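*Asks:* Here are the chains, one letter per residue:
Protein chains: 4
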Amino acid sequence: MSSNSFGKLLTVTTFGESHGPAIGCVIDGCPPGLEIAPEEFAHDLQRRATGKSRHTSARREADEVEILSGVYEGRTTGTPLALLIRNTDQRSKDYSNIAAQFRPGHADYSYWQKYGIRDPRGGGRSSARETTMRVAAGVIAKKWLRQRYGVTVRGYLSQLGAITPAGFDWSAVEDNPFFWPDAAQVPELEAYMDALRKSGDSVGARVDVVADGVPPGWGEPIYGKLDGEIAAALMSINAVKGVEIGDGFASVVQKGTEHRDLITPAGFQSNHAGGILGGIATGQQIVASMALKPTSSLRLPGATMDVEGNAVEVVTTGRHDPCVGIRATPIAEAMLALVLMDQALRHRAQCGDVGVVAPRIPGSLDG
Amino acid sequence: MSSNSFGKLLTVTTFGESHGPAIGCVIDGCPPGLEIAPEEFAHDLQRRATGKSRHTSARREADEVEILSGVYEGRTTGTPLALLIRNTDQRSKDYSNIAAQFRPGHADYSYWQKYGIRDPRGGGRSSARETTMRVAAGVIAKKWLRQRYGVTVRGYLSQLGAITPAGFDWSAVEDNPFFWPDAAQVPELEAYMDALRKSGDSVGARVDVVADGVPPGWGEPIYGKLDGEIAAALMSINAVKGVEIGDGFASVVQKGTEHRDLITPAGFQSNHAGGILGGIATGQQIVASMALKPTSSLRLPGATMDVEGNAVEVVTTGRHDPCVGIRATPIAEAMLALVLMDQALRHRAQCGDVGVVAPRIPGSLDG
Amino acid sequence: MSSNSFGKLLTVTTFGESHGPAIGCVIDGCPPGLEIAPEEFAHDLQRRATGKSRHTSARREADEVEILSGVYEGRTTGTPLALLIRNTDQRSKDYSNIAAQFRPGHADYSYWQKYGIRDPRGGGRSSARETTMRVAAGVIAKKWLRQRYGVTVRGYLSQLGAITPAGFDWSAVEDNPFFWPDAAQVPELEAYMDALRKSGDSVGARVDVVADGVPPGWGEPIYGKLDGEIAAALMSINAVKGVEIGDGFASVVQKGTEHRDLITPAGFQSNHAGGILGGIATGQQIVASMALKPTSSLRLPGATMDVEGNAVEVVTTGRHDPCVGIRATPIAEAMLALVLMDQALRHRAQCGDVGVVAPRIPGSLDG
Amino acid sequence: MSSNSFGKLLTVTTFGESHGPAIGCVIDGCPPGLEIAPEEFAHDLQRRATGKSRHTSARREADEVEILSGVYEGRTTGTPLALLIRNTDQRSKDYSNIAAQFRPGHADYSYWQKYGIRDPRGGGRSSARETTMRVAAGVIAKKWLRQRYGVTVRGYLSQLGAITPAGFDWSAVEDNPFFWPDAAQVPELEAYMDALRKSGDSVGARVDVVADGVPPGWGEPIYGKLDGEIAAALMSINAVKGVEIGDGFASVVQKGTEHRDLITPAGFQSNHAGGILGGIATGQQIVASMALKPTSSLRLPGATMDVEGNAVEVVTTGRHDPCVGIRATPIAEAMLALVLMDQALRHRAQCGDVGVVAPRIPGSLDG
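Chains as they are written, first to last, in the working numbering: chain D, 45 to 411; chain C, 45 to 411; chain A, 45 to 411; chain U, 45 to 411.
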């Protein structure tokens, strides 16, 4: 019921502020017997971390995960896993000058109106620092999905400002700091980001995330729809302003004969639906996409109000990504993985763990 | 926890199949003392109903709401409201020939893979018939929001295939069967729909929904974000494939200086955020948009598979809207109203009912 | 989240007032494929019904269950089952004189303080009429538990005022109107109840309920303990004031060497624990007991206050059981069955459906 | 939804094993602005701690609480409070010899059957060590209830084996290591415990807990009843086997004329109900009682089985309380306080924060 908890059966509760003593999470409902070691979190946390390249914030976060509970002799015991990361790089002085102002585009004003009090250090709870724990929890979900069902979850940056991929190659994605699927465009992206940083401005982005191998039948009807939960999961990521499943907004101008995915015993003929019909997986690739707004923290001055109601000008002098979308890829993967694992557990609760009903339609011909 | 329930404190549980004996809902958590009469549901149910005009399905649904509980002498008592609508127009023969086939673009196959059994009559539980009860529940939420906080929720069709509004006038929306905000375009829409119906094809649409008067502070951080819950709520509506808050996917190509809504003591200078920052309302207009796919039930034949695994051709002969998006407007309003009322109750649980903190930023100049 | 809903994965939501148009429930999360017909509810509803004998209230409730949804061709489809019972015997005149008074021992005053409004007709929502739907939902749970796992749930009256069973025979329980396990005592009970009715007074009772065949492992730690949920389930029944698991309050005076159930490869040596250790089933018989207070509605006058704050005397002239505990047996069975089915689904969600780990301790030698 | 979480709006999630690196909790939903400092936890943690006197376990737990999040400049911010206690006194060697055996009366066997794996160090998750975090969370709830509503929560040991209080004086309770309400009996209790310890055996106990000042109206009907939630809360405490509200099991032999609490404008005439009718507070003192079984860990040998299925004899050599009930008092207080705070938040969500309706019945004359 807590709004800092995610998931019905695999429940992840996160806590912590950007510049408090620590951030952490409690993961409950994980099946027993899963092997997990503290060092397994490093890869995805590094992918998410600022400081990965000069194209994201220079801030360095050590992000050492300590497992506080739920693991015995290297395996999950079925009791809650608690993960803790100490905040080592707090530099609260960067933010002290804005404690009395509402930064435009930030949650400063809305938090203050809600609670009448706010932690201004680094954005407090509203900082994207919180997503570190989502990525950590996602490591558990990805591993279990892969081991138990052969499901894989991957993502990539599908748009940076107005730039879109010219080609597509999964193997390129992890070889550049942009999670970009076309290696040939990387110099162009670097030049774009350098110019953007010099200008002091920022830009939006789009991230696509897909899951392969999801068995038909995962998901639930009505208010527990797989696509509904993916939408909530992605929209809950900082800076996200839009979510699509399959063809998304492109469906608006499509005809029914274009959109509907015809079926043959050899497989679906297309995947406009993004692998979900009626809220339940069809067995095709799950495809989701999200839009991220440009960073609001800019060193270009902007008008705002202070807590006394006076007009003031705000300039953000700290370290900030000119495009928060770049490092959102592993966060989106984590959220999709958490939704899928939760739905997998819910599915076997109600329907057992018997696998699919015959006849089964093979995955679509195109993915 | 039930996936047929929506909301944490205002909890709406719906039940019923398209061609079963009845559909209904249980609304729990409604504050006591709200005046409500059975006839108050008629207006929005009529707006949602097929048969409103020749541009939606000819099927006529009487949709008489019976209040079974929770009301005494015309006022809510604080105990669960149960609403019931008998299904009077079932014509199950329209669907009998497709019981053994999986209609492309429908939930037939995914439900069958999940449950190993499905109710083929009119789509069973996956039919948009279920949304009738959302609209009914939304009537309660709209009324309470308006009476208690002066919040209004309205929607309109913002795109029909490739057609977009040339002008905008709220007063036009309720005066045409398309919920279209420019009266001058209505003949064009009628001609478009007539041609579409003749062709046997269907088309997608976009619906926008807004809330005015939402106090700053409603909403919750992280996984209970107001925008995250709106996304889930809209994505849970049949045929929806995408959701946007504020500028949505347009944010991808925006610069930070364009997107961030500057603040002056006289008000926000713009509303690119759609009234939500950090998951919490800013006091500006809440703006959301959703994409609906074209109807998949077509009288144009399409390839599919039957339950034996054989390739077959499917033709849908029943009554169907060539654009389901048209009547989705009141459904989107209902879902937004339900999210807001639930968040309002949650807000006063944690933070009391004290209203806003000074200084308050007036609503944006442009909305 | 609704307080009118019970269970996490098998979720039962009830609605309706004693003298409103109808009572009903929505059962969500039931596995698909379970055969169920409307007439299957009759047996347990009859067991619960007033009018079973002269020893409970003379009020006759037809209690015809209509299945509104969730069943297709006689089997559950995995979507919500809605059950409806029309209230046919309302006689609201019996209660009209007490609308302005707070009956001692009833929820009149507490409901009124909570909501500022209450439905006085027959106790409204606080009437034991609501438990009819628990019994109906329990029919589903009992059947599934028996078919899927061989689990049986049974109960009996274990104390009526100061009278306790002299002997114990399960086969006697269903053959007398008291659910009493010793047939020889039935005349004594009848005489006692006749005298009680003549006196105008009422008396308390105790009901025991047991489950056989529960696999070791069902249940969850900490706040989802099987015994914790049984306690909440039984305490939620009208008039219940105490709950015990296994030896219950007798444990207070026991020594550790007495209480701990020793184990041999041939089985547990005793069952003081009532089949639950650490919140999780041991595989022994689950044993719970509950105390019910005497009926508060009496034709003997009692002091109270009216809604204006004046001292008044109240006399209840309607039909009332002099011992509500007698017909509580099927209600207790239903609640225990609902808890067990919910925990069974939760167990297979997290731990799969693989059955027990070797070595398994056989059920206790004494039950 | 997590079974390691407690409460709907004030949600406490605990984690940690007895001999793991740490135990902790996340408290979500706390209203903003509550002053709280790490040292405020010390008093109740000390009351709960083993080592308080020679009559409970000699194990010394430092139990330094670190606040990891949710507090800024000494006040709660409305975001999750995370509390952490490092386990400093682990001595896992005490338990190594029982890793392969199932201790009678412990959760060893049931956990192993559930999960197929268990953490044997000090009982792992099933240890009463977990209740430390309940007490810590209860400190928050007690403080908020007292400051916001003037509600106080207190408890005492009401039975030790066969010994019951001869007199009653609240002021005595905190002045002896037994939480006993009659100072004159303390020497008798000490002698009894010394003899018990020498014998190697253990004994059960009863704890009573009461809340004063609870406004009428807190609580919810049906499955969210205040008494139902108290029952679940108390039964979830280690070793608890029974729960009573008000007269509890004594109600079984009472007549209706005895039990019903008559009302006069000057107040209730008695409080057999324990302050709750229909699941909702009446404004009288809330009274609950719980039975605790005797400690199962004994140095007197007992028969059991090992994980290979062999008959073995178990002797527990570690430090254990001969009566776990003695230190259960602050745990029971914490659970009652958490239930009340959660219900208080739920009440103001649905019904606002307006206080009581006139006329109000004063608290009962006897408490």
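Everything labelled a hint here was simulated from the structure, so no lab data went into it.
No experiment lies behind these values; they were computed from the predicted model shown.
Among the hints, a few may not be true.
Claimed, not checked - Straight-line C-alpha distance at most 25 Å; calculated DSS-like pairs for lysine-lysine:
no., chain 1, residue 1, chain 2, residue 2
1, C, Lys187, D, Lys299
2, A, Lys299, U, Lys242
3, C, Lys242, D, Lys242
4, A, Lys242, U, Lys242
Claimed, not checked - Which stretches of chain U does chain D cover? Using the computed rule of at least three CB atoms under 8 Å from a CB of chain D, they are:
no., segment
5, 73-83
6, 107-115
7, 238-251
In this text, a Cβ means the ideal position worked out from N, Cα and C, and glycines have one as well.
*Asks:* Is it true that the CA of A:Lys299 sits at most 25 Å from the CA of U:Lys242?
*Replies:* Distance ~13 Å between A:Lys299 and U:Lys242 Cα, so the pair holds.
*Asks:* Are there three or more residues in the segment 73-83 of chain U whose C-beta lies within less than 8 Å of some C-beta in chain D?
*Replies:* This one holds; 3 residues, not fewer than the three required, reach chain D with a Cβ under 8 Å.
*Asks:* Within a Cα-Cα threshold of 25 Å, do C:Lys187 and D:Lys299 meet the stated pairing?
*Replies:* violated (37 Å)
*Asks:* Decide if the proposed pair is consistent with the structure: C:Lys242 and D:Lys242, CA atoms, cutoff 25 Å inclusive.
*Replies:* violated (57 Å)
*Asks:* Quick one: see if chain D covers the segment 107-115 of chain U, three-plus residues with Cβ-Cβ under 8 Å.
*Replies:* holds (count 5)
*Asks:* Just to make sure I understand the rule, a stretch counts as covered if three or more of its residues have a C-beta closer than 8 Å to a C-beta of the chain. Does the segment 238-251 of chain U meet that for chain D?
*Replies:* violated (count 0)
*Asks:* Can the restraint linking A:Lys242 and U:Lys242 be considered satisfied, given a maximum Cα separation of 25 Å?
*Replies:* violated (57 Å)
The structure shown violates the earlier hints numbered 1, 3, 4, 7.
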